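Chains as they are written, first to last, in UniProt numbering: chain A, 1 to 425; chain B, 1 to 462; chain C, 1 to 297.
If you're looking for bench data, these hints aren't it; they were derived computationally from the structure. Just so it is clear, the structure is predicted and the values come from calculations on it, not from any experiment. C-beta: ideal position from N, C-alpha, C; glycine also.
Label pairs and their in silico Cβ distance ranges:
| no. | chain 1 | residue 1 | chain 2 | residue 2 | range |
| --- | --- | --- | --- | --- | --- |
| 1 | B | Pro273 | A | Ser308 | 26 to 34 angstroms |
| 2 | B | Pro296 | A | Asp75 | 53 to 61 angstroms |
| 3 | B | Ala63 | C | Thr190 | 57 to 65 angstroms |
| 4 | A | Leu241 | B | Pro296 | 51 to 59 angstroms |
| 5 | A | Ser386 | B | Ile59 | 37 to 45 angstroms |
| 6 | C | Asp181 | B | Pro273 | 52 to 60 angstroms |
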Amino acid sequence: MTDQRSQAEIVRESLKVRYRKERRFRLYGMAAIAVALLSLLILFTDIVGKGYTGFIKTTITLDVSLDGEAMYLEDARDKDQLSMADFQAPIISALQEYFPEATGRKDVRELKRLVGSYAGNRVRNLLTEQPELLGTTQTMTFLVHDTVSVYVKHAGSDAYSIRLSEQQQRWVDELVEKGVVETAFNDVFFSRGDSREPSNAGVLGAIVGSLFTMVVTIAIAFPVGVAAAVYLEEFAPQNKLTDFIEVNINNLAAVPSIIFGLLGLAVFIGLFGMPRSVPVVGGLVLALMTLPTIIISSRAAIKSVPPSIREAAEGMGASKMQVVLHHVVPLAMPGMMTGSIIGMAQALGETAPLLLIGMVAFIVEIPDGFFSSATVLPVQIYLWASSAEQGFVELASAGIMILLTFMITMNAMAIWLRKRLERRW
Amino acid sequence: MHTANLLPLVLVIAVVAYMLAFMRSRTVAEPFGGIRNLKALPFYYAARAALWCAIPALILLGAWTAFEGKVIQNVVVSSLPADVAPKSEGEASLVLSQISNVAAGKLDPNFVPKPVVGAADLLENLRDRSSNFKTMLVILIAVLGGGFAWSRVQPHINARENVERTLRWIFFICAGVAILTTVGIVFSVIFETVRFFGKVPITEFLFGTTWSPQTALRADQVGSEGAFGVIPLFTGTLLISFIALVVSVPVGLMSAVYLSEYASKRGRAILKPLLEMLAGVPTVVYGFFAALTVAPFISDLADIIGLEASAQSALAAGLVMGVMIIPFVSSLSDDVINAVPQTLRDGSLALGATQSETMKNVIFPAALPGIMGGILLAASRAIGETMIVVMAAGLAANLTANPLSSVTTVTVQIVTLLTGDQEFDSAKTLSAFALGMMLFIVTLALNIVALKIVRKYREQYD
Amino acid sequence: MNTMNTTATRDVAVEEQEQKTQPVEDPRPEQAELEEGKTVGVPYVDDPKFRLRDVEVFYGESRAIKKISLDIAKNEVIAFIGPSGCGKSTFLRCLNRMNDSIDICSVKGSLELDGDDIYNSKRDVVELRARVGMVFQKPNPFPKSIYDNVAYGPRIHGLANRKSDLDEIVENSLRKAGLWDEVKDRLDATATGMSGGQQQRLCIARAIAVSPEVVLMDEPCSALDPIATAKVEELIAELSESYTIVIVTHSMQQAARVSHRTAYFHLGHLVEVNDTNKVFTSPEHEMTESYITGRFG
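Only chain A is shown next, with the shape it has when bound in the complex (with noise of 0.2 angstroms):
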């Protein structure tokens, strides 16, 4: 056995070889955690960098004569010569007043995909309210064409200005410091449901199609679960049937959530032969995927209730499920709640089990009801991504925004109501 002071020795040497370790261990931690908050950290910026400009639209202000024999169109109360006309020609014209060197077929091609392909409509729909209109010069103002649209907001960037020919590149620019083109707020945006064109599409159609799908879903799941924790924190006997209740739970619980699609796509509509694409369908399943989260945490909700209160009800000789009903589950409703309203932001977030159950499909008109055809906004998302132009890119960085908006606010309810409401005992 060595002595004592040379042990100490021995001690002391080692210890810069393990102190050095000792702060690597602790630099790999202080690394994990600096990984994982960048990550977040580049993820927002990333979705901030690129969604910012699907809150703006690009705007175009004409000087629009609406002279007949340019749109082939003699009386506007006509409807047959109304669905023949075109309305392109007077945009065209508006437009070349600016460029009045822009007259052959490949200028005139150009010129007219600076303005959005809706803008004929515009002036079609103007007509066919105010006929007496025709032959009259308007001042109209026309959403441009995405790839203009682009082009503006992102002025400097080489990346963004492909899709233009230098041609267009020097109108636009010559109408922007005019002051004909110009970006504002994109009202379009929190107004209208989905379209083929980006700067025509909008986010309100999936947000209401959400909204309903929402409501279903925590009719159904906030109730089912918290009977269900009830039952099982308060009232199930100690069998196999109850150790089998809580085994399937736990699973579902980490079941993917693909899965619930499956499901909802063959009890829902090939058995009960509910239509596809509806929040009603879309909300049961959901309900069914966040059931073992809000079961589980209102369970816990129910244990921190302290026996004593149970104690105390049952002394003064009420029954079990009045002691349930008037002590135990008033004293656990804000654990439960809290526990619904994260179960609920998962639930917002879902995409997987939606697409399943068809709610993918291209709807443009505003859901109006629980069974009329929709989407939802994380879906809406999915789709613009998927899709090639630039302009729904930017538009699904804002959807995304506008969903992690709502998720926020959800989870900060739930931790406000947390600290508002939960007792300690």
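Chain A is already provided as a structure; the job is to place chains B and C on it using the hints.
Showing chains B and C alone in chain A's frame:
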């Protein structure tokens, strides 16, 4: 009347029944000297009336709504004359959609065969009748139930016990929804899977190395049946999950170590919620990030180094999925590390061990089973994750271990096969259910094993 | 005075928790004579191992130890006694800085081991703990084999160059702990399968395997049955030949049996330090007397 309107109506009837029964219980109690001589409080008589009113009506409403569509369809289809009657399920769905489109006015009746127009009329007729019957029956049952309970508001009947027993049953059924869901999942995949294996032998499915369900363009084409070898999907899934775990396990574990052992209370209070934000981000957002930012970045980077990377790579999907799973691994590890008793830490520190030595030599070994369980759960997450791979991994079923190439996964194929136009009964559609079945079995097995390990580990220190 | 908690077997952690949340009360009127820093008996010795002066310990705002001064001699066994929450465990844990891991705990005053300040910022806590070992209230063997438990300390400190050295250290330590004969055939068995008494002796073996100069024992027998307790006490007596031992105990009999000197703590004060015999036969301070005669505890 539409179900969406009928539902509130039933509830209104229930409320009326509640109020009537409440009043009646007071009236009934009067001659006996007030409500204290009733067997139960008026509330319970009233609640019983409401339950009697609502429950049978709602059950009927639910069942009717669930099955009326199918029943009407069958009646309509069987009414078709033999020459237009569908011969297969695929045809049936085609004819049905024609009929319902005509009925809804979306399709011009002039463009379809005459019997179809007749069927559309029949369909509309049946729908109307069914709706009327449903409305009448549901209201009738609600009123009858409520009336019966109302008539039974008698002082000697213990309504409280009645109500409580009913509630207990309702609670039990709610808990049983978990079982029903599992059963539903199993049944929804098992039938189609069995039918799929009737078309494609199970051995070919499990051991085949080519996956190309979409090739059938012409009936006489070579391989028109498509190839359903699941191995490339499996390797693709494993490759991406492996990359995800390589990212998330060390980062998640070390974050948990730092948070539980080194970070100050304040630091922990700030860092932990930030970390958990990663878990709250929807998967579609990660998918977007992977497909539009990470994948191009990787492919550019590979170009610079001189490697060849496809625009959609396993690496991009795996990396982003790894980031997504970090908080999952970290919070599971955190639980597990904190479950190691403080006395073990003290024992090691008191011997002069540094914190990292304590961590590596005492806590990790003690927490290992729990951490393993957590990793298995994370793996099951990665395998079942859908949106990231749908958006970033690609569709090409390459049998490769090269992370820079595009691979496809089980979940991607399920989504691809089941979105868009489907022909029922084709091997292509059915294969999605077989894949779903496989996915369900694999994740279920992983979860069961993982939960067992974790539970055993917890018991060890309880 | 019976408002004080008398639960004997509480975790140190629990005790500390309580001190955190409930500040130690001010001395009540009848204890007004407990003057800060004043200790009766013989707190000081010549050439001490530990020289502790005006030690104060704070948990956040509350003061758990109030200006305690004490010397601990070489190769002596000193017992700390006193009612629950009196600060004896807290004080003990200062001696190898085990309180460092509690964020809100801070220590003031001068604490010297062989003339070196142990709370000096340059002072190394790892080296300190290698010299001042500790045995805890509840046996806390690592979930490893018996051999690995004992070899843990020598391994991390690099005390053995060869496997044979390590074997020797393990055997010696187990022998000293009186455990060798019981476990020599199953050194590879996991330590958590042993009986409570064996586990605690294993923890003692683990502590002495790094040849510390001082062994701190925090109620080492509180979780053990009487037979196991007797064995551990026997072991303490043997160890006192080569180590300085500081033992916190709830059992006055145990203090009487194993220690040379006894220190009586009360509400963060060190009331009396005296020869063990004297403390238990004719204590100088009336509070010590009240305690040992069981008027409170």
